[in-house]
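Asks: Sequence:
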Amino acid sequence: MDHGNIGKRRISETLRTSTIFADIEGAVVESLAGRMGEVRLADGQDLFQAGDSADAMYVVLSGALHVLAPKSESDDFEAARRVGRVMPGEPVGEMALLVGGFRSATVRAVGTTLLARLPAGTFDEAVAKHPPLRAALEAEVLRRMRHNQIGKLIRRYFGTLEDETWRALEDRLKWQQLEPGEMLFDQGAPGDSLYILVSGQLRILGSNQDGGLQAIATVTAGEMVGEMAVLRDQPRSARVVATHASTLVRLTRVDFDHLSRRHPQLALSVGRLVVERLDRAQQGNGNQTAAPRAVCVIRAGRLAAPKVFLLQLQKALRSHGDSLLLDPGEIGRRLGRETLAHAGPGDPAHTGLGLWLEQQESRHELVFYLTDPCDAGEQPSAWTQRCLERADEILVLADSEDDPEPKGLETLLYQELSARRQSGVAPRVHLVLLHAQETTLPHHSDRWLEPRSVDTHHHLRSGCPRQMASLARRLTGRSIGLALSGGGARGIAHIGVIRALEEAGVPVDLVAGTSMGGVVGALYARGMAPADILAQAEWAFVQSNPWREYTLPAFSLLRSKRLDYVSRKTYGDLLIEDLWRPFCCVSTNISRQQLTVHESGSLWRAVRATGAIPGLVTPVINNGEIHVDGGVLNNLPGDLLRPRVARLLTSDVRAPRGVSATRDDFPSPWVSLLRGKQYRKQRGVPGMMEILMDSVLAASHQAADRTLADADIRFTPPLADATTLGFRDLAGIEQHGYDYARGIIDALGVATICRVAVQ
1 MDHGNIGKRR ISETLRTSTI FADIEGAVVE SLAGRMGEVR LADGQDLFQA
51 GDSADAMYVV LSGALHVLAP KSESDDFEAA RRVGRVMPGE PVGEMALLVG
101 GFRSATVRAV GTTLLARLPA GTFDEAVAKH PPLRAALEAE VLRRMRHNQI
151 GKLIRRYFGT LEDETWRALE DRLKWQQLEP GEMLFDQGAP GDSLYILVSG
201 QLRILGSNQD GGLQAIATVT AGEMVGEMAV LRDQPRSARV VATHASTLVR
251 LTRVDFDHLS RRHPQLALSV GRLVVERLDR AQQGNGNQTA APRAVCVIRA
301 GRLAAPKVFL LQLQKALRSH GDSLLLDPGE IGRRLGRETL AHAGPGDPAH
351 TGLGLWLEQQ ESRHELVFYL TDPCDAGEQP SAWTQRCLER ADEILVLADS
401 EDDPEPKGLE TLLYQELSAR RQSGVAPRVH LVLLHAQETT LPHHSDRWLE
451 PRSVDTHHHL RSGCPRQMAS LARRLTGRSI GLALSGGGAR GIAHIGVIRA
501 LEEAGVPVDL VAGTSMGGVV GALYARGMAP ADILAQAEWA FVQSNPWREY
551 TLPAFSLLRS KRLDYVSRKT YGDLLIEDLW RPFCCVSTNI SRQQLTVHES
601 GSLWRAVRAT GAIPGLVTPV INNGEIHVDG GVLNNLPGDL LRPRVARLLT
651 SDVRAPRGVS ATRDDFPSPW VSLLRGKQYR KQRGVPGMME ILMDSVLAAS
701 HQAADRTLAD ADIRFTPPLA DATTLGFRDL AGIEQHGYDY ARGIIDALGV
751 ATICRVAVQ
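When the letters of the sequence shown are read in order and numbered with my numbering, they come out as residues 1 to 759.
These aren't lab readings, by the way, just hints derived from the structure by calculation. Hints are not guaranteed to be accurate.
In the DSS-like style, the derived pairs of lysine-lysine whose C-alpha atoms are separated by at most 25 Å in a straight line are [said to hold, decoys possible]:
(1) 8 with 174
(2) 152 with 174
(3) 407 with 307
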């Protein structure tokens, strides 16, 4: 018996019945079968292991294979998990040959398994001569990858399903591809389907007060969208647009209803998701801070060694998940072909590389794509174009001592983003300014920010793990924000709260403050230690004593020249943009009758404005507009931080609200003035400052209460003996704040306070 011919016939018959070779000419299939050999595996035997060189492709003739992928790039290959099953007629190992390089998974026999082996050289020759074969193999890779991806997502949303339920669901899922800027559905459209985003990113846009559209939230890979309208049988409440190339699966309402009747578990799971999303919305904690999956990294100017910085950032990211750094060199090392990263659309390897990159994004929490250098007048390389196309967010790295003028790739980037921002689908851009280790404070950040169109910026001192950890949290949507209320001298308790947080190791990434909260918050954002903040407050409010500068009350009771001097001396010529931590404070613009949020510009003027108590302190004039204390409209500005942070901490030192009297009229002011505060208390009436402060804060109490309700952790130090202008015992007030906050932290534990931010 000619066993060789029997084997060739078996291979030929299997290839002809395989969907992979269905559109390939018969003569080509016969030629391939003649050049393939048989491989037999015993049950549990490995065909190859992750990390092996790719030397052949296989087709299963009989039996089956399990595909086992490492848990992460850092794990041993033995710590593997099943991600797929290969059945007769299906190929295995083709992915590594299409793009080159090493095996990304271990493949193991299930029972006795027979395979046909096509050597790498023969494979390369065949796909070069027969483009339909390459296209068919790429389609099979995509199909298998999609099957594995949707399998993980279905398990995430619906738990472990019975085989019948799983097959019924998968059969009704329809794949859909969106190009950058393409709309998934519009506001008011029928809610006829729900979607799961498999790869890419979507932006949810809603109507703003001006009748235009504004970004409400971001949908990242693995999330569901559109389910609320399906369950409620209502029109869409917002527009959803793809920020870049995105792949989704769609389940129509008709199919969802049909499946839910037969498999109630599906409806219960989707209903649970809706409830969770509504809870987040009510708490003001939507997913605007959703973590990106792909970050494009651009070096600005002559920045040296960006990979060193990114490796340090990866180290800081370890507690938040597995990350991967890719550049042309790393692609070449992993896939065994130095020029592969630069394969353009006309290159046969272009599609295969795209599939491999998508696979990496599905396996890692975050993938960094480091672009090639690009000088002025040059066109971006194919690799750089691919990095920009895949980016959920963009990181621009710059040496703070370099020339701040954008050049080369940066210039092209901002030109392209200008058009995309108008439609609300531009990726967020972060500017990271790197400073020397000995830098005390950044300066002239405006020179970097003014010529650039960036969404946020970060200051990082070389060799500072704490600041690198903060960047990692901000980049992955795990930031912690601290909002500090107004309250005059009572606000010194904020310093004690900060001291307790620092001692416990609770990080704070963003700070917002009103009035005295703005004073303390600005110093903390500047990088000062709590002890130094307290010493500065002693100098500013006790030693300098700006509260004795009485004047003819034409504009205020105090002349405020000394207060201006104290503010200038404390903050100098710093800009808000120069602070190590992002900071904002608020003032009340009585010219426009609205709240002003100070996020840029002169720090001393912003802090001076946020604490300009009407009637007591002279207002601040900015560009002809008059600003008074922010506490008039917003005395606890946590609402400004809520959309930007995962955890919101608040410190509220407002005095007990409301003043009252036990008599029907006020006594003689001259007698009250001569006999003092004790006399007024005995006569049952409040003093002028109590009346003034309660009048100022009356309108903002409800807003502050809403912020407290939205906060994750609330510090409310009991300060019964402290008054608004009682600056005599600042150390005692600070200690009260510390003792109270320390008790809260010890009771809850650091892990509870930080939760998603620190692990």
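Asks: Are the Cα positions of residue 152 and residue 174 separated by 25 Å at most?
Replies: Between residue 152 and residue 174 the Cα gap is close to 16 Å, so the pair holds against 25 Å.
Asks: Starting from residue 8, check that the Cα of residue 174 is at most 25 Å away, please.
Replies: violated (38 Å)
Asks: Decide if the proposed pair is consistent with the structure: residue 407 and residue 307, CA atoms, cutoff 25 Å inclusive.
Replies: holds (20 Å)
Checked against the numbered hints listed earlier, the structure breaks hint 1 alone; every other hint is satisfied.
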